[in-house]
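Enquirer: So the chains spell out like this:
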Amino acid sequence: MSRVDGYGTRIDRSRTLRFTFDGREYTGHAGDTLASALLANGVHRVSTSVDLGRPRGIVAAWSEDPSGLVQVEEPFPEPMLPATTIELTDGLVARGLPGRGRLAEVPDTARYDRKHTHCDVLVVGAGPAGLLAARTAARRGERVVLVDDRPAAGGSLLGTERICGRAALEFVADTLVELHANPDVVHLQRTTAFGHYDDGFVLALERRTDHLGADAPRNVSRQRVHRIRAARVVVATGAHERPIVVEDNDRPGIMLAGAARDLLHRHGVLAGREIVVFTSDDAAYDAAADLAKAGARVTLLDARDGVPAAGARRCAEQGVTVRTGAVVTGTRGTEHVTHAVVGGEELPCDLLLLSGGWNPVAHLVSHIRGTLAYDPALGAFRPGEPADDTAGDGVTAVGAANGTLDLAGCLAEGAGERAQPVERTPTKVLWRTDGDPTRQFVDLQRDATVADIARAVGAGMRSVEHVKRYTTIGTAHDQGKTSGVIASGITAELLGVPIESLGTTTFRPPYTPVAFAALAGRERGRLFDPARTTVLHPWHEDAGAVFEDVGQWKRPRYYPRPRETGGIEDMDAAVLRECAAVRGGVGILDGSTLGKIDVQGPDAGAFLDMIYTNVMSGLKPGKVRYGVMCGLDGMVIDDGTVLRIDPERFCVYTTTGGAAPILDHMEEWLQTEWPHLRVHLTSVTEQWATFPVVGPRSRDVIGAFAPDVDVSVEAFPFMSWLDTHVDGIPVRLARISFSGELAWEVSVDGWHARAVWERLVALGGQYGITPYGTETMHVLRAEKGYPIIGQDTDGTVTPQDLGMAWAVSRKKPDFLGKRSFSRSSNLDPLRKQLVGLLPLDPDLKLPEGAQVVELTDALPPPPVPMLGHVTSSYRSAALGRTFALALVKGGHARIGERLTVPVGGALVPVEVTGSVLVDPEGTRRDG
Amino acid sequence: MAESLFRTGPLDGWAGRFAELPDSVTIMAEPFHAMVDVRLAPDGTGRPAPGLPGSVAAAVGTTPPEPGTWTDGEQAAAIWLGPDEWLVTSPFTPPAELEAAVRGPGGAAVDVSAQRTTIRLRGAHARDVLETGCAIDLHPRSFPAGAAAVTTLGQAGVVLLALDGAGTDYRILVRSSFAGYLAEWLIDAATEFRT
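Same order as they appear, the protein sequences are chains G and H.
Per the working numbering, residue 1 is the first one in the first sequence, and the count goes up by one each step.
Per the working numbering, residue 928 is the first one in the second sequence, and the count goes up by one each step.
It is worth saying that the hints were derived from the structure and are not from the lab.
Treat the hints with care, since some could be wrong.
As the list claims (entries may be wrong) - Here chain G is said to cover these stretches of chain H; the calculated rule only asks that three of the stretch's residues, wherever they fall, bring their Cβ under 8 Å from a Cβ of chain G: (1) 996-1010; (2) 1038-1045.
Stated by the list, open to error - Label pairs and their in silico Cβ distance ranges: (3) H/Ala-942 / G/Glu-921: 28 to 36 Å; (4) H/Ala-1051 / G/Asp-664: 38 to 46 Å; (5) H/Ala-1093 / G/Ala-231: 21 to 29 Å; (6) H/Pro-994 / G/Glu-667: 15 to 23 Å; (7) G/Arg-418 / H/Pro-1067: 54 to 62 Å; (8) H/Ala-1051 / G/Pro-426: 22 to 30 Å; (9) H/Ala-942 / G/Gly-622: 37 to 45 Å; (10) G/Val-220 / H/Pro-1067: 20 to 28 Å.
For each residue, glycine too, the CB sits at the ideal point set by N, CA and C.
Could you put the whole structure together from the sequences, leaning on the hints where they help?
Expert: Structural data, given as structure tokens:
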């Protein structure tokens, strides 16, 4: 065991937790990470590397660790997690991961959600600088959000420091008490700000329940994405220690000096007893002294010639051997480091610590294109001065994230003051020492070495971004937190240019990996996409309807009935029955999803004349007109009927899918091109429920439903409408037909929709009224050659292609699309045109989307010239056979010809017909 | 004639599930509020209209709301929806009467009573629930009693009204076809507060 008494501020030794790693059982304590618990048990080797299979261990103490990836198996499978960031829980099962993980094969039943938060100041990092920044802002009365990715606040504080004459952790606790008492402060631990976007928008991931293990409440989200909008962002994210690259620097037992110190103070783990520290920076002296004090034999090798007086004194007090001007050039060992090679000498050790200085964690500055400038005294890149910073005034980096490494300076910057300069021996910038570049690992996770960088440079690359992509350095889970700057430095050395001329790669979100489940949040299952329903939905469900998705709407597709022979009708049988019932008696459809737009104002007619291809201003009140809308390219975008309510008011019906986009389209033209028109548009899609009552017996049903209304053909002609009252409720009746049959559309406000529907169904009972769904509606309209915009058209089809030249005004001076109709391509007689297709085999239903080619009994070698494709295809009760609609090149001129439709391996001969197959004379329209 | 034509709301049948919610997040359907969309005639210059005419506000017994707010009268409420658009609502006045009352010269008045339905969300965690799916700032400093916003909740467009300054009482006006989705969404969002 590597656990030492008298250390471990974060662990609770009274609570022992069991866990399994690589199939072996171990114990740890509450407050351990998986990494600290493994090291406490003497387990350094976590895994092997992805390409080379070399043993690898723990390198850092937190999320910057490039090496110790594990797969968690219990409580829930999750791949690619650094052992250093997994809080130990009882029953945890994990195993080391050589680079690639495995996603769970069982559904994740945990909750994930998001929360929107607004604040004056977002402080990222609850170390000394962040705590001061949060406290200062809170005391000013500002709304503060303080997030920190570790389990507890305090940042780099280990517990040995003193702040304002008190123990540092007491200061932290007192500050938190003050912050928590303030209702305008939100403080979140275990929360990683992983992305920073324009205008103070920051995404942060909170891990809410994993640390609770089996006690985690099921009704609380496991992870939450906080969407934070802050007027100002204070980046107090600290610094990452930078290793020095030496030959064979990847063995288990080689880690960062600060990580070993962290493990000692936080977790009471002394990761080695025979320690060699190799440094070019001051901070490692504290690590060496602390580790020696805890019982290790420590030798410190400083690459510099001068040593920091205070650090050297502390080391001397603890018996640390300090050698200056000494560099490590390699290591020995197989499963674990056994020696550090120093010149010709091999120093025995069970822990080799590397410390090459500190990189400010400036990711959140870089995310929004804040500049990072090279600071030669640090040997690192730090945020540029706010004055010349593209990140803008609202973003400030403080403390170690700003390159200020001493505690007093961090506290001062956190409080918004200038840090006083401190005495320190300049860091010697040392990216690597001499050795075999093929065994000098820069990115441990990617097995990428100095030799790989040399190869990139040799291949002519000069940009660190190119080198990154060529070598993959910095592209692993850790995104190069410890390797990125070193890669820049070594590239600069190889190129013989100063590192400041190369810069460093741009940091991009996410700072640490984020699970897709967290990003999806609650938008899964029933909440994935809203299901829109009409007020009749429960009735349709009770009637056994099978629903179809039409955009977000759930529409009844058909209403299967029990078969006499047992079982339930399939769709073909149900639709044939529904079609026959409509054409032979009467049917009713819930058409409430149709888009409806109220168009009001003195210029309403003029406006609609521009929107539609035909004339609407001439429509008389009480009348209905079918209209087609085109885009500027002359292609059909929507169609529907228009009711003129009074001289200044129309009700426009769009397709179901067109409701929102057509309103947007109309508003856009009104607001941007024709603001002089006195017109207002209001969506009334859900104000009105609309039920087509269709078939030869519909007159009987409507007559019974609205006894005050004369429903004779003379009094109530086709394409007219009127308002009436039924039981005192306003009802609108319109003679509109989408099937060629005698038909009325009954419209009523949504409040009374269900009652009116039930009344119609009850009154129609004696006529055999049959509720029908969208599939039957499609067949009935196709039999009459009525196109469905978006099914029979695809944005490349003109009204003329649909055989609707009659709906395009020749008199109007202008309308949307008019100019395009004179383009030569729009006049091409070989354009694809809508026609009917009758397979010679009347029982064969062509698949929709099937290609149409010239009549042949053997396909020519590819490419086969295509004439068009089948857009709609059904079995017709009225025709007693199958039929289809198709877009076919020069189709109108081909009527009567035979063509071929390849279906699977077969060549199906079809006859081209006009698109109107049932009642082309229109004799059924008036009953 | 058969029984008279009854009314149905899109959230009929949800009361049982609403009743299972904790006291800190209560949901109540408030169906059958008359609602009339009021637009003012643009003057042809593209400038926004000067405000809901006092005469319209007076007709329904409230004061004209400022942008981003709503005002409550004894008989009706008026909600600012946009520079030239308001929604006048009333749980008492029938839709046709309300439409007639607000119809003035020019502009437009459209009965949209069934276009949306109303959900009342109350409780100590009402604001927490909204903040899991609404991007606007709901802190009472930014969204006090009397505030109104056209916004998105979950994936549904809503009109959100604050009824108090403590984040514990809201009205949510939602398109009728989205009401079932939103009810499901709200109930799910309250999961965390079940005891």
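Enquirer: Please go over all the hints and tell whether each is borne out by the structure.
Expert: Here is how each hint holds up against the structure:
Counting residues of the segment 996-1010 of chain H whose C-beta lies closer than 8 Å to any C-beta of chain G gives 0; at least three are required, and the coverage claim is violated. Check result for the segment 1038-1045 of chain H against chain G: holds, 6 residues qualifying (beta carbon to beta carbon below 8 Å, three or more required). The given range of 28 to 36 Å is broken by H/Ala-942 and G/Glu-921, whose C-beta atoms sit roughly 54 Å from each other. Checked against the hint of 38 to 46 Å, the C-beta distance between H/Ala-1051 and G/Asp-664 comes to roughly 39 Å, which is consistent with it.
Evaluation of the 21 to 29 Å hint for H/Ala-1093 and G/Ala-231 yields a pass: the beta carbon distance comes to about 23 Å. As the Cβ distance of H/Pro-994 to G/Glu-667 is approximately 19 Å, the hint placing it in 15 to 23 Å holds. Separation of G/Arg-418 from H/Pro-1067 is about 37 Å and departs from the stated range, judged on CB atoms against 54 to 62 Å. Our hint of 22 to 30 Å for H/Ala-1051 and G/Pro-426 is violated, since their Cβ atoms are close to 56 Å apart.
Taking the beta carbon of each, H/Ala-942 and G/Gly-622 are about 42 Å apart, inside 37 to 45 Å as hinted. Checked against the hint of 20 to 28 Å, the C-beta distance between G/Val-220 and H/Pro-1067 comes to roughly 25 Å, which is consistent with it.
Violated hints, in rising order: 1, 3, 7 and 8; the structure is consistent with all others.
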